[in-house]
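*Asks:* As they're listed, the protein sequences go chains C and B. This note's numbering puts the first sequence at residues 1 to 296. This note's numbering puts the second sequence at residues 297 to 597.
To be clear, the hints were calculated from the coordinates, so they are not data collected in a lab. Worth double-checking, as some hints may not be accurate.
Stated by the list, open to error - Over 12 Å on every C-beta distance to chain C, these chain B residues come out as not near it, computed from the model:
no.: 1; residue: Phe-363
no.: 2; residue: Phe-384
no.: 3; residue: Gly-545
no.: 4; residue: Ile-585
no.: 5; residue: Trp-593
Stated by the list, open to error - Sample of chain B residues facing chain C (criterion: CB under 10 Å; computed from the structure):
no.: 6; residue: Thr-322
no.: 7; residue: Phe-329
no.: 8; residue: Pro-333
no.: 9; residue: Phe-345
no.: 10; residue: Arg-399
no.: 11; residue: Leu-408
no.: 12; residue: Val-438
no.: 13; residue: Tyr-442
no.: 14; residue: Leu-478
no.: 15; residue: Gly-502
no.: 16; residue: Ile-555
Claimed, not checked - Not close to chain C: a few residues of chain B, all C-beta gaps over 10 Å, as computed:
no.: 17; residue: Arg-349
no.: 18; residue: Asp-361
no.: 19; residue: Ser-515
Heads up, the beta-carbon is just placed ideally off N, CA and C, and yes, glycines get one too.
For reference, the chains in residue letters:
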Amino acid sequence: MTSQQGSIAQARVLGRRRPSRKPVRPGDILTYLLLTIAAILVLMPLLWMFSTSLRPIAESLQLPPAWLPTDWRFENYREPFESNVPFLQLFINSMQITVSVTIGQLITCSLAGYAFARLRFPGRELIFLLLLASLMVPGQVTIIPIYLSMVSWGFMDNPLAIILPGLISVFGVFLMRQFFKTMPQELLDAARVDGAGQLRVFLQIAVPLSGASLATLAIITFNSVWNSYFNALIFLKSWDKMTLPQGIAMLTGYMGAGNASVVMAAVTMAILPVLIVFIIAQRWIIEALTRTGIKG
Amino acid sequence: MNLTRQPLLSPKRSEALTAYLFILPTLFGFAVFILYPIVESIRISFMDFNILRGSEYIGLENYIDIFKDKRVATVYGNTFVFTFFAVFFNAGVGLLLAVALNRRLPNFIRNLYRSIFFFPLLVAHTYIAVIWQFLYHRDLGVLNYYLGIFGIAAIPWLSQGNWAMVAIIIMDVWKNTGFAMLVFLAGLQNIPTEYYESAQLDGANGRQIFFRITLPLLSPTIFFILVIFMIGALQVFDTIQVLTRGGPGDSTRSVVMYIYEKAFQRFDLGYAAAVSMTLFAIILVLTLIQFRIGRRWVHYE
Chain C
1 MTSQQGSIAQ ARVLGRRRPS RKPVRPGDIL TYLLLTIAAI LVLMPLLWMF STSLRPIAES
61 LQLPPAWLPT DWRFENYREP FESNVPFLQL FINSMQITVS VTIGQLITCS LAGYAFARLR
121 FPGRELIFLL LLASLMVPGQ VTIIPIYLSM VSWGFMDNPL AIILPGLISV FGVFLMRQFF
181 KTMPQELLDA ARVDGAGQLR VFLQIAVPLS GASLATLAII TFNSVWNSYF NALIFLKSWD
241 KMTLPQGIAM LTGYMGAGNA SVVMAAVTMA ILPVLIVFII AQRWIIEALT RTGIKG
Chain B
297 MNLTRQPLLS PKRSEALTAY LFILPTLFGF AVFILYPIVE SIRISFMDFN ILRGSEYIGL
357 ENYIDIFKDK RVATVYGNTF VFTFFAVFFN AGVGLLLAVA LNRRLPNFIR NLYRSIFFFP
417 LLVAHTYIAV IWQFLYHRDL GVLNYYLGIF GIAAIPWLSQ GNWAMVAIII MDVWKNTGFA
477 MLVFLAGLQN IPTEYYESAQ LDGANGRQIF FRITLPLLSP TIFFILVIFM IGALQVFDTI
537 QVLTRGGPGD STRSVVMYIY EKAFQRFDLG YAAAVSMTLF AIILVLTLIQ FRIGRRWVHY
597 E
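Using the sequences plus the hints, can you model the full thing?
*Replies:* Below, the structure written as structure tokens:
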């Protein structure tokens, strides 16, 4: 607080930018022009997706493209569910994998993150360093032995092949550790003086206070698992086990280019959960991504 | 309550025991799904590995074959071209947008634009590739339609090698530059305003301020973005797999796509493991080189 007041005072002294009626400069016009063009370029493919999803199938690829939906054919959205592609099943499969992995990581990462941040034990720094070093290894290096393990355990074409390796995350441990390190020690000490054991301190003090970081981890994990394609392509082979990205990638070939409306309806529905999460938790996501510097 | 006052273990030991229990799930998963696979992958890379007819050690043969394999040269060439342009344009466009957003704008407008630029980041590469596949269609695509209005002949976006690579890079920048924008914007907002004020007092113009103050102070952020985007781009898979399937021919096939093909379509797991080791080595070496060069141009306060 004091530093903020200080800087405000300083700003007054320096006569820093104050909201005054300055003439519109050519630079400002250029800024708006650039931003608006960029925003249009970003939005156009998404708008095209949406309006195409509502067009009659026969006109789905008609040119010039209609940027706004003209017809509102909502039955296009029913089509994926009624086609030979088990769209609802794909949706359920993706949800099952994504939710399992997210819950699993919330548990394992918060436990380990807390231990590395707050508990003393022999080998702490060494083990943590080992975990961090493994972040350098690209996933393609580990996927072949994991594949062989899954084959020998009989987990091919089984969601467990994707869920099990996803239950832990070095990145998640790192994220939670950084958070628990900033938690005031007095809070934890106070509970300990009252005779609470380590587990109780963790469950009743640390976890309830870490809602924002747990939400951050949950959002990042949810989004990356919901969107992941590489592992699903390797492990899941039959239609009733596949995930949504896999199914939609195949849908295009299956339906043929003539059925763009139905494909776009399917894509729109697949993006919907992400859009909802984005609208609800936008500020957290942006902050988390900025701070931790990982890609979605 | 009484039990905790007379613990069986000393407090120090009990704390350590709790800690080990807390990290046990992570360590177990780490051992089974990260550590063991790394070691095993190295071992497999020295084998002629076949699930059906059995495997045998063949020493360095896989690695020697990699040097003879013309397709390896092709896929590495493609991956480097993609990486160079994707990193350059993602960082460049991201910086441009961040600088624009950092100018004097109403907060509402800034947040709106930021959200728009950022959203594609959350959408799966797969879905984006499916959408763009239609946009890039030679005869029915939206892109060629509008280019046609300006008298530009239909571009074979996905059916001609070089154009297919251009198409992949454009789509990648469209999706990922928002991340660079986000990080650059945060970096710009962290630059203390005092620097700008004293520069203005000294009579520096906009361009001087940008090149003498903004860029040097932003250099750690730029460095971070270059490293992160490079590591990501070297492992590109999803977008290309859906958009072009590596084609036409091998003209857009990436290293990871080649590993995927060798391992999971041809089941030549030993060779695929060896290729994955070369990719790991190249990522490590390029990252180290970037850190080396970075020392010369990155200014830490």
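*Asks:* May I ask you to test the interface hint for Gly-502 (chain B) with respect to chain C, counting a Cβ-Cβ separation under 10 Å as satisfied?
*Replies:* holds, 8 Å
*Asks:* Hold the hint about Phe-345 (chain B) up to the distance rule: shortest CB distance to chain C must be less than 10 Å.
*Replies:* Constraint on Phe-345 (chain B) satisfied, holds at 9 Å.
*Asks:* Taking the shortest Cβ-to-Cβ distance between Ser-515 (chain B) and chain C, state whether it exceeds 10 Å.
*Replies:* holds, 16 Å
*Asks:* Any CB of chain C closer than 10 Å to the CB of Leu-408 (chain B)?
*Replies:* holds, 8 Å
*Asks:* Does Thr-322 (chain B) pass the interface check with chain C, least Cβ-Cβ distance below 10 Å?
*Replies:* holds, 4 Å
*Asks:* With 10 Å as the cut and Cβ atoms as the points, is Arg-399 (chain B) at the interface with chain C?
*Replies:* The hint holds - Arg-399 (chain B) has a Cβ within 10 Å of chain C, the shortest such distance being about 5 Å.
*Asks:* When you look at the beta carbon of Gly-545 (chain B), is every beta carbon of chain C farther off than 12 Å?
*Replies:* It holds; Gly-545 (chain B) is separated from chain C by about 19 Å at its closest Cβ, greater than 12 Å.
*Asks:* Using Cβ atoms only, decide whether Pro-333 (chain B) comes closer than 10 Å to chain C, and label the hint accordingly.
*Replies:* holds, 4 Å
*Asks:* Verify that the Cβ of Phe-363 (chain B) lies farther than 12 Å from every Cβ atom of chain C, and report whether the claim holds or is violated.
*Replies:* holds, 19 Å
*Asks:* If you take the shortest Cβ to Cβ gap from Leu-478 (chain B) to chain C, is it below 10 Å?
*Replies:* holds, 6 Å
*Asks:* Taking C-beta pairs only, is Phe-384 (chain B) more than 12 Å away from all of chain C?
*Replies:* Since the minimum Cβ distance to chain C is about 17 Å, Phe-384 (chain B) lies beyond 12 Å and the statement holds.
*Asks:* Beyond 10 Å from chain C, beta-carbon-wise, is Asp-361 (chain B)?
*Replies:* holds, 17 Å
The structure fails none of the hints (numbered hints given earlier).
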